[in-house]
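Trainee: Here is how the chains run, residue by residue.
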Amino acid sequence: MKTEKKSRMQRLFEKGEFVVTAELGPPKSLDFSVLDRKIDLLSGVVDAVNLTDNQTAIARISSIAAGLYVMKAGLEPVIQMACRDRNRLAIQADLLGACLHGITNVLCLTGDHQCMGNHPGAKHVFDIDSIQLIQIVKNMRDKGVFQNGDEIRNSKKSDLFPPYFFIGGAANPFAEPFEWRVSRLEKKIEAGIDFIQTQCIYDMDRFGQWMKEVVDRGLHKKAKIMAGITPIKSLGMARYMRDNVAGVTVPDSVIQRMEKVENVKEEGIKFAVEQIRQFREMEGIAGVHIMAIEWEDAVKGMVESSGLLPRPKVS
Amino acid sequence: MIIAEQKPVNEILKNIPENSRLLIVGCDTCVTVCLAGGEKEVAVLSSVISMSDKKMKSIEGTSIERQCDKEFLSEIKDRVSECDIILSMACGVGVQMMSDYYNGKIVLPALNTLFMGSNEETGYWLERCLGCGDCSLDITGGICPKTRCSKGLMNGPCGGSEGGKCEVDPENLDCGWNLIYNRLKELNRLDTMAAIQPPRDWSKSHDGGPRRIIREDLLL
Numbered sequence: 001m002k003t004e005k006k007s008r009m010q011r012l013f014e015k016g017e018f019v020v021t022a023e024l025g026p027p028k029s030l031d032f033s034v035l036d037r038k039i040d041l042l043s044g045v046v047d048a049v050n051l052t053d054n055q056t057a058i059a060r061i062s063s064i065a066a067g068l069y070v071m072k073a074g075l076e077p078v079i080q081m082a083c084r085d086r087n088r089l090a091i092q093a094d095l096l097g098a099c100l101h102g103i104t105n106v107l108c109l110t111g112d113h114q115c116m117g118n119h120p121g122a123k124h125v126f127d128i129d130s131i132q133l134i135q136i137v138k139n140m141r142d143k144g145v146f147q148n149g150d151e152i153r154n155s156k157k158s159d160l161f162p163p164y165f166f167i168g169g170a171a172n173p174f175a176e177p178f179e180w181r182v183s184r185l186e187k188k189i190e191a192g193i194d195f196i197q198t199q200c201i202y203d204m205d206r207f208g209q210w211m212k213e214v215v216d217r218g219l220h221k222k223a224k225i226m227a228g229i230t231p232i233k234s235l236g237m238a239r240y241m242r243d244n245v246a247g248v249t250v251p252d253s254v255i256q257r258m259e260k261v262e263n264v265k266e267e268g269i270k271f272a273v274e275q276i277r278q279f280r281e282m283e284g285i286a287g288v289h290i291m292a293i294e295w296e297d298a299v300k301g302m303v304e305s306s307g308l309l310p311r312p313k314v315s
Numbered sequence: 001m002i003i004a005e006q007k008p009v010n011e012i013l014k015n016i017p018e019n020s021r022l023l024i025v026g027c028d029t030c031v032t033v034c035l036a037g038g039e040k041e042v043a044v045l046s047s048v049i050s051m052s053d054k055k056m057k058s059i060e061g062t063s064i065e066r067q068c069d070k071e072f073l074s075e076i077k078d079r080v081s082e083c084d085i086i087l088s089m090a091c092g093v094g095v096q097m098m099s100d101y102y103n104g105k106i107v108l109p110a111l112n113t114l115f116m117g118s119n120e121e122t123g124y125w126l127e128r129c130l131g132c133g134d135c136s137l138d139i140t141g142g143i144c145p146k147t148r149c150s151k152g153l154m155n156g157p158c159g160g161s162e163g164g165k166c167e168v169d170p171e172n173l174d175c176g177w178n179l180i181y182n183r184l185k186e187l188n189r190l191d192t193m194a195a196i197q198p199p200r201d202w203s204k205s206h207d208g209g210p211r212r213i214i215r216e217d218l219l220l
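In order, the protein sequence lines correspond to chains A and B.
Heads up: the first sequence runs through residues 1 to 315, numbered per our numbering.
Heads up: the second sequence runs through residues 1 to 220, numbered per our numbering.
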């Protein structure tokens, strides 16, 4: 049996389009009015949206359930699968379930440590890590096997029925050891990723260095690389990201630029648009992933000013 | 070595019935070395309990070589016969062995047993081994990722490693994978870090009742 049904995102990449995705955090309650509003703001503006998976270790509506919801509203979901809350049994079961409902874009993550969230006394799972997860998903798709080697079929007599996925991963070019970061990406590619979304980028020089090594090693030809962007909404936020978020670097020049202006929001978007324009010119970048945290109103303007609207159609 | 620390005094007191004849028993091995449950700590805890509001009929103190060994447990038979409650200052293994050996007595733990670790410097102990049953120190330069990485990752550092520290506690906690990276680099063995480590077999870990070793060659 063949279940291959390529997602819109995958087909856009294959056409050579510069793909735009955005982050969409599922709400903490069944009050979906917030999500409805975000869906309105992003429809027609981005090609797909990432539904986070208990992001920062805070319990929310699940990624797959929220993914189904946005899909009904016409947006393409990228579901996130973190290793913190599920073992290999639960992960494989949930992935088959996602595929059953037509969700194929999967971003494989290790997951934030539970101490970052609101249930610090929870027991984490980490039965597997993100690289092992990527390999499991790839083997489910390409070899039609579960992690234990069993074939994905209902009985010996029935057809092999592998699920289909477009496999993503995350990369953080700014975490340390810096000189290991490209090798880590390479490891994820070897494990089986089709695309990666990076941590949000402010330090364009350091990102440029990382990207140069990626291109030198030819990794951009093996996986689609999407540059991560979080527009700066306030000075406080920029400083917080600089001082408190591990693996995010905000150069002083960016802080100083924001200090000089009266309207930081406007400048933040201006900076983000400049970044997107630079990414479009950089060798090896195949798209951008916009993480406008609780600022989805800003996305349309950013995408439009970057010359990326209207979004291309795929058959 | 097994590292333990004393429970808060209030918690210890809460569990001891009033007017008991109390026998506090220390252990001269691991918990003596980590200054949690040796002879000295027995003496201190005895004074603390005697000065507390909780009235005891009597408080005796002693310490034996190893509470995890039947051979040494028998030494205190007489003293045990004269008490109602044994307050063990050994690790969890010692408390259980004491309980089994003197199964007519109430045995209470005075310590929380924490980990297998090392004494890094005076007053600082560090977990070093999880006892996972599947040692991988050969591929990680002699530094255990399962213990030293907050997520127990097997394939390198996550995105939360900055300045050599782990995002879980950026002030005090080293990123285990940063340590491994530096060690392997020094050993010119970074290639082992590039190889994908497959999912672990957790059945070798604490996963289905207590693990046992049965060696036919040694069985009588």
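Incorrect hints may have been included.
To be verified - Facing chain A, from chain B, some residues (calculated, C-beta under 7 Å):
| no. | residue |
| --- | --- |
| 1 | Val168 |
| 2 | Asn178 |
| 3 | Leu179 |
| 4 | Ala194 |
Since the hints were made in silico from the structure, they are not lab data.
Every value quoted in this text rests on a predicted model; they were computed, and no experiment measured them.
Every residue gets a Cβ at the ideal spot worked out from N, C-alpha and C, and that includes glycine.
Trainee: Decide, hint by hint, whether the structure agrees.
Mentor: So, going through the hints one by one against the coordinates:
About 5 Å separates the beta-carbon of Val168 of chain B from the nearest beta-carbon of chain A, less than 7 Å, and the hint is met. Interface hint status for Asn178 of chain B: upheld, as the beta-carbon distance to the closest one in chain A is roughly 6 Å, under 7 Å. Among the interface hints, the one on Leu179 of chain B is violated; its C-beta lies about 10 Å from the nearest C-beta in chain A, farther than the 7 Å criterion. Residue-level restraint check for Ala194 of chain B holds (minimum Cβ-Cβ distance to chain A is 6 Å; threshold 7 Å).
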